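*Asks:* The chain contents come next:
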Amino acid sequence: MLQLLDTFEAFITNGMEKKINRREFIRKSGTLGVITAGASMIPGIGACSLLSPSADISVVSGAGYFANTLKAIDLIGGMKKFIPEGSTVGLLINSDFDIPGTYVNPDVAIAAVKSIFDAGAQSIICLQKVKEEYWERSSYYESHKDILSTLKQVETNVFPSEYNDDDFIKLTDLDNNKALKETEVVKAWLECDVFVNIPICKHHASTLLTGAMKNIMGVSTRKANVTFHLGSGVRNDPDYLAQCIVDQNLVRKSDLCIMDATEFITDNGPSGPGTLKKPQKIIAGADMVAIDAIAAEILGYSPGEILCVVKGHESGLGNKEYSDYNLVELNA
Amino acid sequence: MKLQKLIILFFFILIGFAGISQNIMEPKDLIPANDEIVNWQLIDSVNTYTDEDLYMYINGGADLYLEYGFNKLGSCKYRNRLASKIILEVYQMKNDAGAFGVFTINSSGKGKKIEIGNEAVQYDYYLHFWKQNYYVRCASTVKSEGVIDTLQQLAKQVASKIELPGKKPELFVLFNKTGYPFKQVKYFKGQVALANIFNFSHGSVAGFNEGISGKLDDKMVFVFSYENEKQRREWFASLKGKMNMSMLFDQYTTVEDGFTVKDRMGIMLSFKPVGKYILAIKGMDWPEAQPVFEKTSTNLP
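The listed protein sequences correspond, in order, to chains A and B. Quick note, the first sequence lines up with residues 1 to 332 if you use my numbering. Quick note, the second sequence lines up with residues 333 to 633 if you use my numbering.
Keep in mind that the hints were calculated from the coordinates and are not lab data. Note that this is a predicted model, so its numbers are computed, not measured. Glycine included, every Cβ here is placed at the ideal spot set by N, Cα and C. Careful, some of the hints might be misleading.
[As the list claims (entries may be wrong)] Counterexamples of contact, computed for chain A against chain B with all Cβ distances above 10 angstroms: (1) Ser54; (2) Ala63; (3) Ile125; (4) Lys129; (5) Thr172; (6) Asn225; (7) Asp267; (8) Gly272.
[What the hints assert, rightly or not] Between beta-carbon pairs, the in silico distance windows are: (9) B:Gly401 / A:Asp173: 44 to 50 angstroms; (10) A:Thr156 / B:Pro513: 32 to 38 angstroms; (11) A:Thr172 / B:Pro513: 43 to 49 angstroms; (12) B:Leu580 / A:Asp324: 31 to 37 angstroms; (13) A:Lys187 / B:Thr382: 43 to 49 angstroms; (14) A:Asn319 / B:Thr586: 54 to 60 angstroms; (15) A:Asp166 / B:Asp361: 20 to 26 angstroms; (16) A:Ser123 / B:Gly598: 50 to 56 angstroms; (17) A:Lys187 / B:Asp376: 27 to 33 angstroms; (18) B:Thr586 / A:Thr172: 45 to 51 angstroms; (19) B:Asn508 / A:Tyr141: 46 to 52 angstroms; (20) A:Asp166 / B:Asp456: 42 to 48 angstroms.
Just chain B, same shape as in the assembly (with noise of 0.2 angstroms):
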């Protein structure tokens, strides 16, 4: 019985081996090749890029996809008979929350969505999706009559390749739970990622395992998820010390078991510990903040 239970465990795994190796492609193989798009030729070959290598690619800024879980990059250019440079690249992430997370960090929410990859994204000179676990982005060096076409073409071939949709992370689906309605939602892994969404004064926020932040109007609302209520305690207290000692923030002020502070344009910041959450709202004072924290922290585990 004992051998049975261990043959199908085997089986299993087999199973689960496999279908990783059909999912996972090389980014190179699925750069779209010179016959694939009209008009335009590739620029000598694909380029890769893994790990820490990515700083040999990226001149500045490769640290946001390292905090994210990078794994491999593939780029090329292709240029047309005007000389215009189209700059194609395919990340290769560790999971498909990393290229969720990539692909919302660098959505400004003012472009135009569309209907390529699992969520795409366009606007006048790039667009950039996200499917399974890749990040795709592909930009024209100059605005152009006809480019977005191009561009739509590349983006399509590319995501024709990739063969799963790719699943969001828990922690957003639990946000969206609430059913408030909120914009320009961004998933985040680290300190460079949260940085460009709000400086809570150069890593006070800090020992977080991942996080999401979305906009109510002029409001925002952050979730930090921690390893454990023990952990998060501990961050929490370092938190408070720092917000109180900060010099972007001031009227530190206790409340009940959070804290209120306001920023530097006298904008109201609320935080509360919840399990092994922190939630912090900006832009609502502790009272207002009650009703959001309350039927944000209903949904989460």
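Isolated chain A, as found in the complex (with noise of 0.2 angstroms):
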């Protein structure tokens, strides 16, 4: 209640929010960017939001990420709504990049882990091997070493990952899915309690790109990724590839996605080097579908152009249509 408040002192202060639909969301300018700097024009809206959280979905905009990442997720109920207490949670974060622009900002991952905590979580678990380097990376590091060091990991999750029976399991019996028949995941990521997914939005060169779907990747081992790749017999097949990704996800939904689409590459990923943007956004919420349809905007395509997208829609994941949900928008 306490964060709640300082983050609704802090909005009264600094920010304004706003409700917003689809149309308006795309109408302003085709960017989001420009819709946030349209809001800050109308002061004093929104405030009942905050006081009766009911978001689905919460678009946070400004320079400071670490105190965004906590604002996001206030305006969609707060970490409490999706951590029970005492609970394991699973944290995928997009972290093993080097270049500027390919991997979660730290600041929005260090503000998740301190809010799951908060939430009284009992232990998190980095289903992706998190490195010290990355964290170091962040100016939070110092203030918040003693609940990192808490992380759990799962050690031989690194690129690229190879199955070993303590910590990968073999699933074969997905015959329901329309392109993964099996694939080879980290056992963490089934076992845990709770599923949190940080995504970076980026360009990805074959799916085009980057989001909360596509991060699935990151709890498979190498040789079950490239068959996303190469299984369909046919190289190169975005098709394939994208519902592999949906089908993946299907195993298991995220509880809740955190995505950084603060600063990122805009071509040449996901890897890097490329042209970096600065939209400075944090985007929360249960639906990675809709979440990665509003980054598919931010990079500048439309949600119908991302395959993941449209697919993870027609697979029931999630829904597209995010104007369907209530959707916060603050500009902080």
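Combine both chains into one complex, guided by the hints.
*Replies:* Structural data, given as structure tokens:
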């Protein structure tokens, strides 16, 4: 509650909030960035939403990524809504890159970790190993060293990961899936009580968008991931790749997504280096398809151009029509 | 007389092989050693990846390089005393066109042209160039003053070890002969690269061997080249069907031997078959596109 009040105070002082629908979202300029600026011209709107948080998806814009991540979580009802007391949380952070704009800003990830522990989680396990040097890139590292040191890790899930019986499990009974009939995934992903997905919005040469759905390839072995690319028998089959990504997400959906759309590459993805864009946005919500649809627009595509979004919607993984949700945007 | 001809032929084949072996160097042999770069040290050894092993190096995105004809990669990292890192990658492609193509697709048009290799572009924390059948990229993990000098130093060292400048694909040469001031010219070999230039509705433009695109202000011109006219005819018929049904385009209209559609932003696209080529222009309606189609197609064989 205190956190919410802190956020509210910050909101009253610094920011403005506005509930928007999709038509409005796109109409103002075709990009989300300008909409935020537009919203900031209308003071005082939206305080009621903060007092009775009911947003399904939040988009928080501004320079303070750590604080904005906390705000984004608060706007969708707070972390307690997603984390039962004493639960084990599996955390998947897209962290294993070196080049600017290719990995989740560690400020965002540290804010998420803090929020999860504050909500009463017993433990957090990083489903893909997060290296110490990743955390060290954040100015919040020193002040959060203690909680970061308690994070458990799937040590062997580091790119390019290989199967081992201790940490991975082979799933061979995926007959209901359209493309992915078997895969190898981290056991802890299936065993954790809550799965929190922390992707970055960035360009990807094959799928155009690396977002929430694509991030799921982080829980499988490299061998399994290569079959996503080559398994149809045709090299570079974008349909098959997208369907495999969706199929693996159907094994277990994210309970919460916190997407970093603060600073990212718009070409040469996913490894970069590439052209950097800085929309400074954090998006939070439970529906990864809707979040990827928003991310697609931030990146400059229509959701219909991103095969994962289209197939995720068709497969019932989520709803690409994010205007169906209560979406709240805050310019912090 | 026959034997004489055979000997001459054999002689030329030998020369050819000798030439190839002289010009093709292992990527790892192009990477500067510790004593060649001041204040920077190689971290570990140079890693080499061949063909589909590239998936073990690139965490997503290997498809693009494989599409362009990837052969071998040499990759390494350098570290300085401030613990900054530089990543150097030397991609050996199967031919010069592949190296040129990767260079064009990875160029955003926002960098600064510099004199390294055949063509090079420098950005604020990385640079890349192509020379012969090599595509080379070096990037710093941090933006810091002075790092660009080191990147340039590294790139020059690599470029100096590559013997030949490299040849641009014929399609590029012909495209440039139109005289139009094309910007951000991209040479592509398949769907992955094409989707990164413009999304023609998930593979509706397919079957081409190679293609090229260039920007004319806010317009964009594409040339797709097919094996022969028969194949082009088949793929064009398929393209018409797909564009007519596409969720991303509407207002499909047949005009003369081509057709037009509008994309989701209301921008017109015009398509025209010419011999073994399909020409497409984004941002021009059919009458406006005609002179551009004509000028572009006169240079195509």
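*Asks:* Does the hinted range 43 to 49 angstroms hold for Thr172 of chain A and Pro513 of chain B at CB?
*Replies:* 57 angstroms, violated
*Asks:* Would you check whether the claim that Ser54 of chain A is not at the interface survives, using Cβ distances to chain B and the 10 angstroms cut-off?
*Replies:* 31 angstroms, holds
*Asks:* Hint says 46 to 52 angstroms; check whether the CB-CB distance for Asn508 of chain B and Tyr141 of chain A agrees.
*Replies:* 51 angstroms, holds
*Asks:* Per the hint of 27 to 33 angstroms, is the separation of the Cβ atoms of Lys187 of chain A and Asp376 of chain B within bounds?
*Replies:* The hinted range 27 to 33 angstroms holds for Lys187 of chain A and Asp376 of chain B, with Cβ atoms some 30 angstroms apart.
*Asks:* Per the hint of 32 to 38 angstroms, is the separation of the Cβ atoms of Thr156 of chain A and Pro513 of chain B within bounds?
*Replies:* 54 angstroms, violated
*Asks:* Using the beta carbons of Asp166 of chain A and Asp361 of chain B, state whether their distance is inside 20 to 26 angstroms or not.
*Replies:* 40 angstroms, violated
*Asks:* Okay, Asp166 of chain A versus Asp456 of chain B on CB: inside 42 to 48 angstroms?
*Replies:* Holds, at about 43 angstroms.
*Asks:* Should the hint that Lys187 of chain A and Thr382 of chain B are 43 to 49 angstroms apart at their CB atoms be regarded as holding?
*Replies:* 32 angstroms, violated
*Asks:* May I ask you to check that Ala63 of chain A keeps its beta-carbon over 10 angstroms from the closest beta-carbon of chain B?
*Replies:* Consistent with the label, Ala63 of chain A stays out of reach of chain B, its closest Cβ about 17 angstroms off (over 10 angstroms).
*Asks:* Measuring Cβ to Cβ, find out whether Thr172 of chain A lies farther than 10 angstroms from everything in chain B.
*Replies:* 22 angstroms, holds
*Asks:* Starting from the range 54 to 60 angstroms, see whether the pair Asn319 of chain A and Thr586 of chain B falls in it by beta-carbon distance.
*Replies:* Since the Cβ atoms of Asn319 of chain A and Thr586 of chain B sit about 36 angstroms apart, the hinted range of 54 to 60 angstroms is violated.
*Asks:* Does the Cβ distance between Leu580 of chain B and Asp324 of chain A fall inside 31 to 37 angstroms?
*Replies:* Given a distance of about 21 angstroms, which is not inside 31 to 37 angstroms, the answer is violated.
Against the hints set out earlier in the document, violations occur for numbers 6, 7, 8, 9, 10, 11, 12, 13, 14 and 15.
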